[in-house]
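2 protein chains.
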Amino acid sequence: MAKLNGPLPRVVIVGGGFGGIAAAKVLAGLPVDVLLLDQRNHHVFQPLLYQVATAALSPADIASPIRHILSGQRNCRVVMARVEGVDLARRVIDVGGAEVEYDWLILAAGATHSYFGNRQWEQFAPGLKTLEDATEIRKRLLLAFESAEYEGSEEERRAALTFAVVGGGPTGVEMAGAIKEIAAHSIPADFRNIDTGTTRVVLFQGADRLLPGFAADLGERARRDLEKIGVEVRLNAKVTDIDARGVTVGDEFLPVRNVIWAAGVQANPLGRSLGVPLDRSGRIVVNPDLTVPGAPNVFVAGDLAAATSAKDGSLVPGVAQGAIQMGRYAGKVIAAELKAGGARPRRPFSYHDKGSMATIGKGRAVAEVGRYHIGGLVAWLLWALIHVAFLVNFRNKVSVLSNWAWQLLTSSRGARLITGVAVISVKLPLPDDRVHARAGDEARRSL
Amino acid sequence: MAKLNGPLPRVVIVGGGFGGIAAAKVLAGLPVDVLLLDQRNHHVFQPLLYQVATAALSPADIASPIRHILSGQRNCRVVMARVEGVDLARRVIDVGGAEVEYDWLILAAGATHSYFGNRQWEQFAPGLKTLEDATEIRKRLLLAFESAEYEGSEEERRAALTFAVVGGGPTGVEMAGAIKEIAAHSIPADFRNIDTGTTRVVLFQGADRLLPGFAADLGERARRDLEKIGVEVRLNAKVTDIDARGVTVGDEFLPVRNVIWAAGVQANPLGRSLGVPLDRSGRIVVNPDLTVPGAPNVFVAGDLAAATSAKDGSLVPGVAQGAIQMGRYAGKVIAAELKAGGARPRRPFSYHDKGSMATIGKGRAVAEVGRYHIGGLVAWLLWALIHVAFLVNFRNKVSVLSNWAWQLLTSSRGARLITGVAVISVKLPLPDDRVHARAGDEARRSL
Chain A
1 MAKLNGPLPR VVIVGGGFGG IAAAKVLAGL PVDVLLLDQR NHHVFQPLLY QVATAALSPA
61 DIASPIRHIL SGQRNCRVVM ARVEGVDLAR RVIDVGGAEV EYDWLILAAG ATHSYFGNRQ
121 WEQFAPGLKT LEDATEIRKR LLLAFESAEY EGSEEERRAA LTFAVVGGGP TGVEMAGAIK
181 EIAAHSIPAD FRNIDTGTTR VVLFQGADRL LPGFAADLGE RARRDLEKIG VEVRLNAKVT
241 DIDARGVTVG DEFLPVRNVI WAAGVQANPL GRSLGVPLDR SGRIVVNPDL TVPGAPNVFV
301 AGDLAAATSA KDGSLVPGVA QGAIQMGRYA GKVIAAELKA GGARPRRPFS YHDKGSMATI
361 GKGRAVAEVG RYHIGGLVAW LLWALIHVAF LVNFRNKVSV LSNWAWQLLT SSRGARLITG
421 VAVISVKLPL PDDRVHARAG DEARRSL
Chain B
1 MAKLNGPLPR VVIVGGGFGG IAAAKVLAGL PVDVLLLDQR NHHVFQPLLY QVATAALSPA
61 DIASPIRHIL SGQRNCRVVM ARVEGVDLAR RVIDVGGAEV EYDWLILAAG ATHSYFGNRQ
121 WEQFAPGLKT LEDATEIRKR LLLAFESAEY EGSEEERRAA LTFAVVGGGP TGVEMAGAIK
181 EIAAHSIPAD FRNIDTGTTR VVLFQGADRL LPGFAADLGE RARRDLEKIG VEVRLNAKVT
241 DIDARGVTVG DEFLPVRNVI WAAGVQANPL GRSLGVPLDR SGRIVVNPDL TVPGAPNVFV
301 AGDLAAATSA KDGSLVPGVA QGAIQMGRYA GKVIAAELKA GGARPRRPFS YHDKGSMATI
361 GKGRAVAEVG RYHIGGLVAW LLWALIHVAF LVNFRNKVSV LSNWAWQLLT SSRGARLITG
421 VAVISVKLPL PDDRVHARAG DEARRSL
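Here the protein sequences come in this chain order: A and B.
Numbering of the first sequence is given in this note's numbering, commencing with residue 1 and proceeding in unit increments.
Numbering of the second sequence is given in this note's numbering, commencing with residue 1 and proceeding in unit increments.
You can't tell identical chains apart in this list, so a pair holds if it fits in one copy or across any two.
Below, in silico cross-link-like pairs of lysine-lysine (DSS-like), each with a Cα-Cα straight-line distance of 27 Å or less:
hint: 1; residue 1: LYS397; residue 2: LYS362
hint: 2; residue 1: LYS129; residue 2: LYS139
hint: 3; residue 1: LYS397; residue 2: LYS139
Derived by calculation from the structure, the hints in this document are not laboratory data.
No experiment lies behind these values; they were computed from the predicted model shown.
Okay, chain A solo, but in the shape it has when bound (with noise of 0.2 Å):
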């Protein structure tokens, strides 16, 4: 490796997730020159991400700056950049129309949604996994009420009114609780013609149980806990088309207006650049030391990489304790071969799963850590715990907590704005008004 911009190695890192910044904070301290580049100027924190969407927290409780973040590492710059390539020959990645090179490389790019070849489905089905996203759900979620309020045909209304989620892993089964939860505590006094508490929340899930990242027990009891809560949990039931009228499942039809996808992810595409086998999501299929066949420089983190724990042979989860134990990996290897001057025997890397959990509604969640498998309060307590520990700053937390504390105490969401641009079509005149739309004119009606 010939070092032309000085004494100092370079580590790029692609991504400012979990698996990046991981990366990132192992090299401090270390003689190296660490560049990370991400496309945004912020981190965020994914597992509370439906939180924003569903009007609990703002974006900037559950985000960070990773300039920030990185500030008090003095051998790391941050770099608001796309990547859009990698030349693996060469040695530099493609950075709209510029080169960047690199010693050693840190993939950690993460994955988007995937419609599964039907991305028509997208403008009515929106997913979630950036603050963007969050807040376009928010908005089509508070919509809806508010459409729903001035509804003239009752037929409309009842769509309106309707919530379809699409898939049961975590993101569905938490997005499926919350929205019953506004509907039904968060929201009814606000509105003067209906009733928010009979709105539909239809969780459709193409496998034979919730939660197939957990215990089958855990995966029934999140079932069982979302019906009482009110939501209607359809198993086995295959999403076959998407469009403005609503949602089919073979040869049923639900008028729905608003449906939320949370069902399949596909792999950022950058790693098609690479010319390096992929999954069937489009992930970097690595090395049991999670380098980039024939590239032994180059490391995968998180959700671009299809990797294999050393301890059972199983894949590692697409979850934030995935990315992390990965990125800090691929940081540790670099680390101990800087020290050595050379390249080592690597040991494989291992996935050590600290446990699962996911909330269901207020004070419910179901959670597997190790043998235990915990379920309603005690794992809800232990969700809330665990997610202000992890999030990234102090600021965040209190923040954060004091948003949970507020919403337990009063059932009310803080983060109820419709923000850009929201077109309402207005049906006048208003339900109770009906009597004097009956007297006729039907072109111009007053209210």
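With chain A's structure known, arrange chain B on it following the hints.
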């Protein structure tokens, strides 16, 4: 007034700002059907909008859903809809193709920016009236530092690190002070290639003093305090052009990438549909009882009204207190005539100036309360106290207070998110790699 819709007369309120909400609250519990229309679902506490624009607070901290504010008031319905026009003769308002009848009408639709006939300046110099404006300004502000960090040319970097604020009223003063504070105290440690402390903030004011609505000594105090923290104040400086390269003031051209418009306001165009005299800013010139000439049942409150106070014959200023007092006055007149069962002699509207204040930076403000003129920390504490006290709900108060406490302790600002689409053209090489760049290969440089 024929009552077509059952027994209750109807009051329609257009706008959920300070004026509209105040009017609605006065009508609580009265035998009247109140309909409040706003094109947004939320009320914004405008005096703190500049803090969202400068990343100190989140949008949800200073906003509340209008229907939530009025949820306890059973005689009031809130409709999210845009009002297109008013037909005074037929007593109806036009809501996107439908018509809504009124017995009484309160117009409180507010104002937006005015570029004094130079609409083309808007793209380079956004104004600050809505939450979307605030997050757009926040984005530009944060992107300016990001792009300066990567900028290869010293000249370009200087322009990226120069901010021009146009307008020396409270918004201009507060924005200028806050931008300087961010640059000098909140973010220096986050950057490697630039010293954000060298950021220039230039405040252009067309008049010969700052804060024309305040006493002369406070305008002078604001100027001194701004200069103390490093803001360049240019009095008698009328901006004659703004484009992508910078700001022109007469013969002088300042290369600047970031301009914030805080100079002029223009009333909501709704006033034009009335066919009554408007003032130069498009405001409706109202009678002493705030009604539209020739329409004793139509009131105007807030920034849409050009109103004169009976107390001293002065124009009522376009501030929150003015809107609140006007809205409350209109509500009380209606309440009194409802009680009396018909028209009554009306006492003309009198504006009670409770004082004015503007912040300059951390722990610095100016305040004018009756004959007391206060500056520095005391004024700032007073400002903080009053603004928190007037925030809409308890949750907003807690959130704003804790954000401020955090900021005072750490100089950090929590909401430093660049959201929405952001494109930075990264100029490689990074400044500290220039050694390598000089080697040639101008077309496709390596870092």
